[in-house]
Amino acid sequence: MSLVFSLSPASDVPIYRQIIQHIRRSVIQGQLELGEQLPAVRVLAESLVVNPNTVARAYQELIRDGLLESRSGVGVFVAEESRQIFSDAERKRRLEHAVEQLLHEALLLDIPLPDVCSSLEEQWKILQSQINSRRKK
Amino acid sequence: MENSAKPNQQPEEKMSEPASPVIQIDHLTKYYGTREIVSDLSLSVPKGTIYGFLGRNGMGKTTTIRIFLGLEDPTRGSTKVFGLDSRSLPPEARARIGYLPEGHHVYGWMTVKECGQFQASYFPAWNQDIFETVLTHFRLTSKMKAGHLSRGQRAGLCLALTLAPEPELLVLDDPALGLDPVARRSLLQSMLYVTRKADRTIFFSSHLLSDVERVADRIAVLDGKVLRADCSVETFRRQIRQFILKFRDAPPPTPEIPGLLESFRSDREMALTVANITPEIESRLEALQPASIEPVDLTLEDAFISYVGERGEKTFFMNGKETK
Amino acid sequence: MKMMFWKEWRENLKWAFIGMIALTFAEFYSLLLGSNSSDDSSATLCRSSFLTVTTFGSAVVGIVLGLIQILPEQKRDQWAALLHRPVSRATIFRGKAIAGLALYFVATVPPFLASVWYAATPGNFAAPFVPQMTLPGIFGMLSGTMFYFAALFVGVRRGSWFGPRVFGLLAALVSSAFAASTYLSLAIGGPVLMAIVLFLAGWGAISTNGAFRDQPWFGRFATIVAIYFGAFFLVMFLISLPFLFLTQQQYYGGIGYNIDIDGRPLKFTSTKDNGTVITDLAGNPINDKRFTTGSNSTYLLSFAQVTSNIGDSGHGKKEQDDDDGGFDYSSNRSYVIPANGTYDNNHEAWYYLPLTNHFVGYYTKTRQRIGAIGKDGYRPGYEQVSPLANYKAGRVWEIPSISLFGSTVYHSDFDQRKLTPIFFEPGVTVFGATPMSSYQDRTIDLNWGAVALSDKMIVIDKTGQVLATLPYHQNVDRWGGLSVGVTPDKTRFYLRYSPSGWIDSREQFKMPSFCEEMDAKGNLLHSYTFPATAPVYPPDSWQGYVMESTLPPGVVFGYLAYVKVGALCGSEKLARNWDSMDREDSRNIMLFSSILSLLLAVVTAAWTRRLNFQSRRVWAWTAFVLVFNLAGFITFRLLADWPVRMKCPQCSRKRPVEESTCPYCQAIWPAPKPDGIEIFEKKSSTAELVS
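Chains as they are written, first to last, in the working numbering: chain A, 1096 to 1232; chain B, 38 to 361; chain C, 39 to 729.
By construction, these hints were calculated from the structure, which means they are not laboratory data. Since this is a predicted model, take the numbers as computed values, not measurements. Yeah, the Cβ is synthetic: ideal placement off N, Cα and C, and Gly gets one too. Be aware that a few hints might be false.
To be verified - With the C-beta cut set under 10 Å, the calculated list includes, among others, these residues of chain C facing chain B:
| id | residue |
| --- | --- |
| 1 | V204 |
| 2 | R371 |
| 3 | D515 |
| 4 | Q688 |
| 5 | S690 |
| 6 | R691 |
| 7 | V695 |
| 8 | P701 |
| 9 | A705 |
| 10 | W707 |
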């Protein structure tokens, strides 16, 4: 399976982080299924035209986060179950960070809180149904 | 590269042994006449790395490369390749070094095939498959005359000639100069292709920071004849930070802080670009009592421009004092 | 390396072809159209215009090829790409040199062969072809190789244009003068040696990135030789230059003697204002109206020089070796000598070939060969003839109708195709024979000849009949330069004796000469003695002193030692050299050159010390300048790696940038100051995920 996406090279986001973000998005949106094997480091690196060490670093961080797991001798896979590696405090912090970003955006757009909440619920339902539909396959 | 958290499940990690560096430069100083080009440069390139050599034009990058390849003599200091003194590199050592100088020079009257034959006669380890692969990559055929090639095609030919002997050390001096984006991409791909075999080292100089960011493990920055940075790309980005300080009234004069690269003052704001931020510097910023301090993420290119550009206070695009 | 050769060959072949075509045109142009007044019409391959093309044209081809092989590749990065090859720089250089040499011969040899073929093919020239006539052209092409290597050296040697580069070319230029030498060893050896030297110098230059002292030893040696050569001759040239314009070296006080048609001996003294005063032997002025008209010659007797030596071959051999300098390869007259005689110049041209000792003749209109005349007579066309004995004399302008071969005097009549021996006696050695001449009676020129034997001079006519016998009354061993004249009424003969040619010229000037008046039977009527007419040289000019003082003492003392030791070891020639050397002159030379050498050596030592050369180099260069004097000093200045010096930040004195420690205050060069923005990260071992 190829994981080609468009890197933004002249970006303020480091390349390895872009790869991480893309893999995470792919998992959430279903392009990467649970338990699916990711391309080898070198293969992905050559298709993205980046240093293999950069890809390796992205993989390693995702493994550390628990999104990916490495099976020795075979390769790197999407973890079957998302294991919680982080402590509760860490999970809370990360959530707060994401929420803060969302709320900043809403304030700038001058959207009242109830509308934000209803939008949140709507999106949650859509994503859940997507995950469920994939699980059924 | 940080490896702060060891994963629970150990992936197979291959730690390469600390081997002797492929290129070793010790206190290199070079003068042309009384003009100092390079001053006290010390650098070592480990085996297996992709090393980017950055710096503005005329800062001594090409000179340094020529010196450690034994094509010019240092004024002071020494350089070694494969542990051998550059000034007396034996032919067997030269066979392991692929050098692509700036300018992509070829003998115009030769055909592509003849260029290959000429080059192959010098290198016993010539790999014709690689030669042809790279040629195909750049859409070159054997009958083409070297003198009729475009800049990008010439670069491709030179790259093929340099890669075919499968050198352990690949030295590229501004290889992307004058190349169109397609050729540039092919160049990057070829560079990565080389590293398929372990222990191949690439040392290249470039002005294209986005390409450097893609492929380099480490970078060395030559600024004002002196080596100012020798670190991974990530570290370089992390150490150069920009802060926007917003004030209620006119901002105060630029503070004297160590590592200040650039400052930019406008009606209500002061933007400071700093290298090697420390808590002490942060507190000094806070001491200016701004309304807010906002950190800005810089692209590698912006960071680099601030790093090697002119220091001091800027007004829009020009240097100099503010005119009020 | 074969590939290097192929590359250089393919790359530059077009230039070689252009050169070949240009040379072909130029050579044929000079053969067909160009001719100089100094050449005779038989000069084909030895014509000065042709030799100019072969020598000068070859040199130009050599220079162009050499520069074109190097200069276009000299841009920094191209040069780097060339040198970064897994072969030694020597191999790269050799590949270029061999290819260039091959191309040089491609450009020069075919045109030359075409010219030789054209000259040798009958019907193209009304002149004979002697294979040795190709020699000067060949030498010219050889010396062109030297220019090729000079150009290669000039190109390869990095650095400014002046200095070693220019002097390398200068050395080649100077060596090309040797090609004109008549000593074969110099003519070939000079250019070939310099070509080798320049080749080695180029080899040395390419082996280093610019420092002279990093070159291999033979490169340094060759470079020094070449530069020194150029510098030495430049110095000599510059010193003699002013004197071409300033002083005119005239030796005035010229005195000559002659006999007038009445048999009266006269003394001619030239005065400072280019006038002549005519007196008798006692010095009394003569007022003869006949002498005041323009030319004096109609009232004087004409003397034909018959011999320059009478005597055994021991003396003669020396004269051949030293005075003439040997065979002149570039003169056409070494191969073909026009023969004088009774034939119609409009239809025929006859020549003598000294190398094969016979005469040949050509029809001028059809340019076909008439035939040859040898010892046993005439044979038409290309039939062989037997050779005559050697023609006696050194450099000959033309063969007269009465001439001596071996010990037989012949009269040549080419109209009749006849060469008649008119005087020969077995066992009798003839030392010279020549036609007599007279300003007043042309029949004497055409019919009379003088033959010199060991004890007498015989005057004969063209059938061999003896007309007069003139025995010698002087010591002809020392006064063997004999010439004969006769009064218009053919009654009185005059025999003049001048010092023999084997005597050293300085001694000759101190000797008198004699003139004897005899009748046809040989009775002595009068005997006159003409005192020595030593020319007066102007006093030693300061130019002489200056030139002497720039001579390298190494050479001066070396030469003196060589001569002295050689004389002691029994070499007769060197013993003569030692004796004839002017003692005072030699002492002056030794003194002046040593003084200047010493001065320059002191300057060298002081200069190199001040510039902080390493002491080994100080000693080496000082010794070099001491031995080789002014030109050596110039060489030193051009070649020594001049250190770049800058102010020491600690003690403010200038110190060489290449040394880490200051020779005065021992401080090292300070490291650049950090300014707070340095980002350095230690390298960690790379960990890679292997999937």
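Using Cβ atoms only, decide whether R371/C comes closer than 10 Å to chain B, and label the hint accordingly.
-> violated, 49 Å
Could you check if R691/C really has its C-beta closer than 10 Å to a C-beta on chain B?
-> Hint violated; R691/C Cβ to chain B Cβ min 15 Å, cut 10 Å.
Status of the hint placing P701/C at chain B (closest C-beta pair under 10 Å) = violated, 15 Å
Are V204/C and chain B close enough, Cβ to Cβ, to be under 10 Å, as the hint says?
-> It is violated, given that the least Cβ distance between V204/C and chain B is near 20 Å, above 10 Å.
Identify whether the interface hint at Q688/C stands, where standing means a beta carbon of chain B within less than 10 Å of its own.
-> Given a least distance of 16 Å, the restraint on Q688/C is violated.
For the hint on A705/C, does the least C-beta distance to chain B fall short of 10 Å?
-> violated, 14 Å
Minimum Cβ distance from V695/C to chain B below 10 Å?
-> holds, 5 Å
Holds or violated: is there a CB of chain B closer than 10 Å to the CB of D515/C?
-> violated, 71 Å
Cut-off 10 Å, beta-carbon criterion: hint that W707/C touches chain B | holds, 7 Å
Closest C-beta approach of S690/C to chain B relative to 10 Å, hint status | violated, 16 Å
In summary, the structure is inconsistent with hints 1, 2, 3, 4, 5, 6, 8, 9 from the numbered list given earlier, while agreeing with the others.
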